[in-house]
Structures are given as structure tokens and as C-alpha cells.
Amino acid sequence: MSLRLDELSVDIGGRRIVDAIDLAVGDQEFAGLVGPNGSGKSTILKAIYRVHRPSAGRVLLDGTDLLSLSHRDTARRIAVVTQESASEFDFTVREMVMIGRTPHKRSFERDADADHDIVDHAMERVGCGRLASRRFNTLSGGEKQLVLVARALAQQADHLILDEPTNHLDIRHQVEILEIVSGLGVTVLAALHDLSLAALFCQAIHVLRAGRLVAAGPPAAVLTPETILQAYGAEVLVIDHPDTGTPHLIPRRIQPGTGGHSAGGTAPAESARPGRSS
Amino acid sequence: MREDDTRPGSAQPDTRPGGSPSVPAAAAPEQTAAHRHTVGESRAPQSGPAARRRDRIPLPVVLTACLLFLLVTMTAGVAIGSVPLSPAQVWHVVAASVAGHAPNSVAGIIVWQIRLPRVLLAAVVGAALTTAGSVVQVLVRNALADPFLLGVSSGASVGATAVLLLGAFASLGQWAISVGSVLGALGAMAAVFLVSRTGSSLSPTQLILCGVVMSALFESVTSFLIFRGNPQATQTVLFWLLGSFGLASWNQLPIPAAALAAAMIYLMAQGRTLNALAMGSEPAASLGVDVHRLRRNLFVVTSLMAGVAVAVSGIIGFVGLVVPHIVRLMVGSDHRRVLPTGALFGASFMVLGDLLARTIVAPQEMPIGVITAFIGAPTLIVLIRRRPYLYGATQ
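Heads up: the protein sequence lines correspond to chains A and B, in order.
One rule links them: number in the numbering used here = place in the first sequence (from 1) + 184.
One rule links them: number in the numbering used here = place in the second sequence (from 1) + 25.
Keep in mind that the hints were calculated from the coordinates and are not lab data.
Everything numeric in this text was worked out from a predicted model, so none of it was measured.
Errors might be hidden in some of the hints.
To give a feel for the contact side, a few chain B residues facing chain A, derived at Cβ under 8 Å [unchecked claim]: (1) D80; (2) N167; (3) T298; (4) A301; (5) A303; (6) P308; (7) R353.
Footprint (simulated), chain B over chain A, 3 or more residues, beta carbon under 8 Å [to be verified]: (8) 233-239; (9) 272-281; (10) 284-297; (11) 407-417.
Glycine included, C-beta positions come from ideal geometry on N, C-alpha and C.
Model the full assembly from the supplied sequences, consistent with the hints where possible.
Laid out in C-alpha cells, this is it:
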């Protein structure tokens, strides 16, 4: 139930996109992968779910090299949620979730009652049971994403890879999706864009820049103005979340004279927000 | 924009507008503890096996209906013609001939020697083109794809035209055109495959583009051959290009039928993986599908099916594009349902098209491509307008 990247490098079209990444996600840990656009987050995840082949290094699943497993066996251990729309094809929500059973079934094998139970349960778990008979294409973005999480649950893998699963979603669905995922008791590696949201859910955060890891550790240790400046080239204020004490990032304007000083200073945490801080 | 499937028989239409299946089965069987994502707060699942399959018409019902429809169209296809026969006569001849003593009557000869092989060939080709079309649409993830998208038909045209105009393979007699078109189709297939391959993968966009470009190239070769040929032979070529079952005979049947059967077995075995591939390459990979290998196999299987169909009947357009859509609108997109339904329905569609082609302007024969387009185009337009969300419209 653990995932480890061992000196993982990935080349695409002759260019090194991911460069010697060492990263470990422990049993049932929720780990976040953050970094600017093009820093290699998706490429790393795709090497884990076997779209890209590592150019060097290995992906280890409980110590076993992923490439020694069949595609089917990999999919039984690792489920993936990305953004997608099957717009050309007409699947109901139930059929969509049933597709998650693919790696568990052989050719010509029918959907057994057990599969239907698993599918029902997965839909109930994410709260989309009432949508079961709806056409997937008619759902809203948030509902679609919930269904894709249900499909990953139906896959019954003990590792979950999320590639920016909350993009384009409203704030309720963003929190809802991550809340469901973090309550599953599986090992999670999630590429996330919203750093404050990542801090709220992740136990560890790995920061990428240009295909290399620049920082890793608990959110409070990693999400500092210095690291963000180094990785993203952006100036931010960091305050404590009043409920959880996790770091919350506030962007600053680039133009001078619009507030904010030069980079570097940690923002005053206490005065930033009133309320029930812990 | 929601529509409830009409369901026959037992299923009650208790789907509310929200789509939530009501009526929880009294003591709903609790979930098996087979899996680890246990939940506290979830509501009791309202699903017995019946509730689960309520969304769609059960497959056996669909297949039985399609099979009956096919038998009706085939009977009509054999019975109707310049010498009309009754369905009873038709089945009498068929039963007797199958039993081994074909009646020597006029009806016997018309049914067994002339009309039945033609109807069977139309059915096989219809099934093959529909199946190939359904799969190509998944392969390139594009609703506009048809089995001829990947260059098969234009390659076959080059081969057939070369036979008709230049006398290639003349020693093969009646098989010359078939051989020529199969070789042309295989050549085109190999060319598209090699051109669109990057490393070991076939990407949908590259496949489409290379297919379209190579088709254009082969079509210009055909045009050149026609331009250089004599006018009478050109007439023959044009008729062949429009497609016809006019030359059907028993000995044309075994190869397409065997190809169809083998392809169907392979594709049905891939039913789930086809569904996964319909999600896109990367989701399919994450579901444990070896996408590169699957795409390669699907490319070969569909091209061969289309090539064999073209060899015996010329280029019959629209069936491989329209019928898969009609079928998906009837049974959804689960390929375990689409493939068998499509094969039966595509067969009926083609038999019906051929029947119209040879009766509508009798004693002349209309090219069947004209008929399939005239039936197919309006049908598809009506269906598209009934479910716009499937075709990219916003709600």
C-alpha cells in the first residue's frame, strides 16, 4: 500500500520532462504534487498509470517494479481520476461506473451481482446514487467529476492518482471531492493547482519546478513564501487557516504601489483573520 | 433533455424526472462486504437486480426483436421481385434445400440460386460494415468516422479499377475484381498504418488525417486510371464504385461470412475494453487496457472486415456511419450491447436497402449506395435532433 518513485525520469520527444524524482507516499497517506504549469506533475502521474514509460528509474508499488506487472494488474492496484468527457458516446452513470470494473473482468465475463453491488456502493459513497440512470453527458461538471471518483472506487484499487481533479469545479465540489477521497483510507497522490486547498487535505506536499523536486514535507513546512517564489516565481502571503492552522496562500499583485513589500517576510498570521483558531 | 426508454413488459415506468429510482426493495439485500470502502452515512441502496437494468431495454429483448426483424426483411428480400413469391414458398424451398433435396421448380431456382445468396451476402456485408463502423468510431473517438475513413475503400477502388480497366489478374476470372480490391484495400491499410504510426502508437488524430490524405491520393489514382481507360469500361467501374449485390453467388459468401464471424468473436471479447477505450486513451490505460496493442488490433480487424465487404459488393457508403448511431441511440454505447445489436440491425438495413435498390425502378437496378444514403441521412438527422446533447450541443 505504498508508492515510491525511485530516481524516476521521463523523456517526451527527446526532452527530459521529469528528472530523477525521488518521492514516497506512505500507506494511506494523502500526498500532494504541486508546481507551476509544465513542471511535470501530469507526466509523473502518467508514468505511474503507465501512459508514459520511464526513461530511467522506477515506479515501485509496495517495492515491486510497476513494469513487472501487467496493465491489468496495475489497474487493480492503481485507480485514476482526471478530467474527461465521453461526449461522443452515450453512457448512463451506472454504465460509466461499471467501466471501473474493467480490470477485474475477463473477456466475455458478465457483470455479476457482486459487480452491481460494488457499483451501487461506489455511487452511494460519493453521493451520486440518485444520478444512476442519468446520461453522463447531461451532468454538470461537478456531478461528472463525482461519477469519475465513483468509477475509480469501483476499480477497488488501494492507490488513487488524481490529476487536477478539482479544476473548473465550484468551491463546494472542490472540497466535496477531496473530502471523499481523503476519507477512503487509500494511498493518494494528487496533482493540485490550488495550494491552499492542497494544504487543507494533504499530509505531505511535493513541490516541482521544471521536472525536479524543490521541496517536500508537511504543508506548513513546504508552503512558504520562499518556496513559492522559488518554484512559481510568484509572491504570496501565507497566513494560517483559522480552523486548521494549515497554510493559506494569498496572492500579491506584481505592480509596485499596489500593496505588499518585497518578497521574503512571513505574514503576520494572528492578525489576519478573526475567529476560532485552534 | 431527458427521455425514458420505453420498456416492454414487467418493468414499471417509475423513473421520476430526477431520474432517481424510487421504491426501495423492501428488505434490500445489503452490500456484500467484499470491498473495503465501507461507509457510515450512505443511504440504503435502492437496487435489486431489476432496478439496475431498468435504465435500458434488456439485451435479450433487443436481440430477439432485431433477429425477428432480420428474418422478416430477409424473407421479404427473397420473396419480392419480378416473380413474386409467398413467404411460405420461400421457406418451403429453403427448408427443402437445407435438407438436401432442392426443388427443381422455378420458385426453387429463383430462391436458392438467385435471391437467397444475394440476400445473405447483403446481410453479411451490412453486419460487417456496421460492426467496422462502430469500432472505428471508438478507435478514432469520432462520431463522424466510418469504416472507409482509414483508406480501405479508396485503396480497393484502385485495385478494382486496375482490374476492370487494365485487365490485371485476368487469369482469376470472376475473382479478379475481388482479388484486385482486396489487394488494394490491404495496400491502403498498410500505407495508412505505416504513415500514421509514431513509435508503437496510433493516435486518433494522426489516424484520421493520414486516412483522409491517403484516401485522397488513392482516389486520384483511380481518377487517373478512369481518365486513361475506355468509356465502356469506365461505365463498369462507376457502377462498381456505387456498390451492388447484383453479382452475388453462393461461392462469394464463405470468405466474408468467416471474416465477419472471426471479427465478431474477437470484438465481443473486447467489449469492456472498447468501452474503456471510448473514454479516451489515457483513461483506458488507467483501466488496465494495453492501448497501443488494442488500437493496432482494432485497426487491422476493422480494415480487413471493410476490405472484404468492399471486395464482394463495391463501396456502399453510409451504412457504416449511420447504423452505429441508430444502434447507440437504441441501446446506449455499451459495446457489449452495440456490437451484436448492430450486426443484426445492420444486416436488416442492408437487406432492406438492396430490396429497394432492385425493386424501386425495376427492371433496372438502382445503385444501393443511393438507397442507403436516402434512408440513412434523414434517419440520422431525426435522431440527432432528438438528442442534441450527444452531439456537442449545450443544454
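Hint by hint, here is what the structure shows:
1. D80: holds, 5 Å
2. N167: holds, 7 Å
3. T298: holds, 7 Å
4. A301: holds, 5 Å
5. A303: With Cβ-Cβ at 5 Å, under 8 Å, it holds.
6. P308: Where the cut-off is 8 Å and the nearest Cβ of chain A is about 6 Å from B:P308, the hint holds.
7. R353: This hint holds: B:R353 lies near chain A, its Cβ roughly 6 Å from the closest one there, short of 8 Å.
8. 233-239: Coverage by chain B holds for the region 233-239 of chain A (3 residues, Cβ < 8 Å).
9. 272-281: holds (count 7)
10. 284-297: holds (count 8)
11. 407-417: violated (count 0)
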